[in-house]
Amino acid sequence: MKKTLPVLLARIVLPLCAVAFLSSCGTFGDYGSEVTVAADRTKAGAKFVPPTAEKPAYYYLVSVGALELGAVYAGEQKPPENSEVEPQIVQTLAKQHYIRATAATPKPSLVIVYAWGSINPDELDTGDPEMPPAQLNRGQMLALVTTNKTDTTPNSIDMTLNVPDLSDGRYFLLIGAYDAKSFEPGKKRAILWRAKFSTPNSSTSLAAAIPGLLDKGGDFLGQDGLPATIYEKIRKGTVTVGEAEVVENKPGDDAGQGGKNASSAKPE
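With mature numbering (1 follows the signal peptide of the UniProt record, and there is no 0) applied, the sequence shown covers -20 to -1, 1 to 248.
Read the hints as simulated data drawn from the structure, not as lab findings.
Heads up, some of the hints might be wrong.
[Stated by the list, open to error] Restricting the straight-line Cα-Cα distance to at most 27 Å, the calculated cross-link-like pairs of lysine-lysine (DSS-like) are:
(1) K168 - K129
(2) K129 - K75
(3) K27 - K167
(4) K87 - K161
(5) K167 - K58
(6) K161 - K35
(7) K129 - K23
(8) K129 - K87
(9) K167 - K87
(10) K35 - K75
(11) K75 - K167
(12) K27 - K129
(13) K168 - K87
Given only the sequences and the hints, what does the whole structure look like? Please build it.
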């Protein structure tokens, strides 16, 4: 079922779409899994300093839940439950020195919000065989893989070098951090940073993609810059085959039965 993105999340993922917001292994030559990471800071977060082991950042955690955006196709796998996603989020944040607040910790300075899901191109057939279908939600998909530093002008250098192909669906994971003080009565919510991880959805399930999204994107939490696409090089195994050794059959051996004296090729 399609879901409309809550206003809270809309502020996390760039204000390109006001109502709805917004993959897992693609291939690239000798490379396997592909993850695009788009992380930036807002004006409110311009002076944000990422935490360190000596000075961690404590946070409250809020889950928006799973989102299915764009065209919906029959047979698509059900997204994982929050009980499966949340522990992975907490673990990844901890590696970057973001610590979930408890009664025993200092008062949190952040409210971290996250969501996960999939987005497919929502295309409209123009009826003209010489024209490709119009992609109605390209703005949503573009927001997923760009930052506030990206020049989204068609054919710009950024669009050519930093933006992946958006003709197919993607899995995504969205994480954003708000100033906890901005949740006090009478104050305007202030988001400090946001991180959007996505990958083509052509080869696996969302549940299987999430660990890879976090593994490749974790270092970008709280960072600021242009989007980056990370490719994991496929490990190529090698097999060395030794010279064939021909052994004559002895009396009583059954030729061609694969016995211990049959011809064999032994690897070195």
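State the violated hints by number, sorted upward, taking the hints as numbered earlier in the document. 5, 8 and 11
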